[in-house]
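Protein sequence lines correspond, in order, to chains A and Z. Residue numbers are given in the UniProt record's numbering: position 103 of the first sequence equals residue 103, and the series is strictly consecutive. Residue numbers are given in the UniProt record's numbering: position 84 of the second sequence equals residue 84, and the series is strictly consecutive.
All clues given are correct.
To list a few chain Z residues with every Cβ distance to chain A over 12 Å, as calculated: (1) V22; (2) V23; (3) H146.
Computed cross-link-like contacts, DSS-like style, restricted to lysine-lysine with a CA-CA straight-line distance of at most 30 Å: (4) K177/Z - K141/A; (5) K71/A - K141/A; (6) K141/A - K67/A; (7) K185/A - K342/A; (8) K177/Z - K324/A; (9) K342/A - K324/A.
FYI, nobody ran anything at the bench for these hints, they're computed from the structure. From the three backbone atoms N, C-alpha and C, an ideal C-beta is built for every residue, glycine too.
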Amino acid sequence: MDTFFWTYIWPALIIVGHSLLTLVCLLVFIAFILLADRKVWANVQLRRGPNVVGPFGLFQSFADLIKFVLKEPIIPAGANKVVFLLAPLVSVTLALATWAVVPVADGWAVANINVGILYIFAISSLEVYGVIMAGWASNSKYPFLGALRSAAQMVSYEVSIGIVIVTVLLCVGSLNLQDIVYAQKTGLGTMIGLPNTFLDWHWLSLFPMFVIFFISGLAETNRPPFDLPEAESELVAGYMVEYSSAPYMMLMLSEYAAIMLICALTTILFLGGWLPPFDFWLINWVPGIVWFLLKVILVFFGFAMAKAIVPRYRYDQLMRLGWKVFLPLSLGMLVIVAFVLKLTGWAG
Amino acid sequence: MGLHAIFFYLFAFVAVASAVMVVSARNPVHSVLFLILVFFNSAGLFLLTGAEFLAMLLLVVYIGAVAVLFLFVVMMLDIDFAEFRQGVLQYAPIGALIGLVVAAELILVVGGSVLSPQAAKSIAMPIPPVAERQNTAALGDVLYTHYVYFFEVAGLILLVAMIGAIVLTLRHRQNIKRQNIARQVARTPETGVEIVKVKSGQGL
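Turn these sequences into a full structure, and let the hints steer you where they fit.
So this is what it looks like as structure tokens:
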């Protein structure tokens, strides 16, 4: 009995504890990120944004949470009940499941698996099902149109995201997320004789891919200016029209969890993960998770500013950008990077 | 090993049960959703055997891309289900025949190791532990060295199929307005605006 406890129950308890800790931190972080999103948006438009609940409106998201949970969920009479309720569950589960492999600091990940980046790519490519199921099960026009748009959009931009990831992997030589960060300890900066700085990270050496990844990330997570699946001016709110209270909150939560994941992925792939920006004793003393969070917030600030200042794309423009601009560009860069790595022998 | 067995039976049971539901569900969209569940559980089974790269590939390719298009098409189709159901019995013998053939092949594969243990041994390559040799590297080494020509030919065939599909469905529509972004950006006040003196009472 004792060995049974130590071989099975104890490791399981540790994994559950890790997962719960990650989950709680992530959810609290998302609550404040949601507020930050609204605040940035408001400030760009010279408004105040949420400022009533708590100091500076800091507890607005928690007030929203209570409101969503206490309201009555309404299920349309013509809806396919099971799929209708399954859709938000699927979205939120998948969006949170991807965080299991994200290393927030050196060795700080629930699971450090060899195919980490593929796992993230696979699970986030499943997120489109939440949207399609929600749109179809609502049994109404606007959600269905939103779901169709979203399916095409997410599948299209996954292609360029995949190719960008492959390019980064060529430079790293491993699918492990921690190895990707370790590989950025040396780079362009150290090559010209500088000490370890932020110039070593991939954003500089793969700058075009960085830009493509950022914009594709906006499209992949249905963020403005590519928020066509829920374009409120034409489709009311797209696939979310028929949802209310807790199911709506879950769709919203999964959307923001996916956004945070893209921010974290940008940080890991291009901004050096938890690595400090300069090799200096005071800066090295700051724990890695602080750098990671700062970088994630920086990328998210870019997302929020894009939402505030860029007008929404038309659907044909979105498709043109994905297939006619990003796909050839990223494919060309992939070939160039592969040749450079081969000819210079940097690939190792 | 106990946990391993529990997860194997869990994945296997859900996979088989949802495979049954794929053919027996009344609503085709439900069928596709169950098909996705089958793929997902097969990916879990791959993981249990240590083939982590294949498991992720199954998720990315089959669930992330193929099944999405499947679902897309099934949702858009306007199928008359009553008519659809009528022909089921007519096709039952063919279905049973195919089922028999597949069952016989499965029995042969599984039974092969029992009938002649030597033959099974010669086919199976020794699998190094995951910690020593990663799936991804092992597959890459084989695909890009020994089988590089076959691999490239497979890629070319897929490319031809893709181009063929595009050629078959491409229509050049006349009389529609297309946006030429380069021309829009290149517009200046000189080329965009024409200033005309209009005489009063006459117009242009």
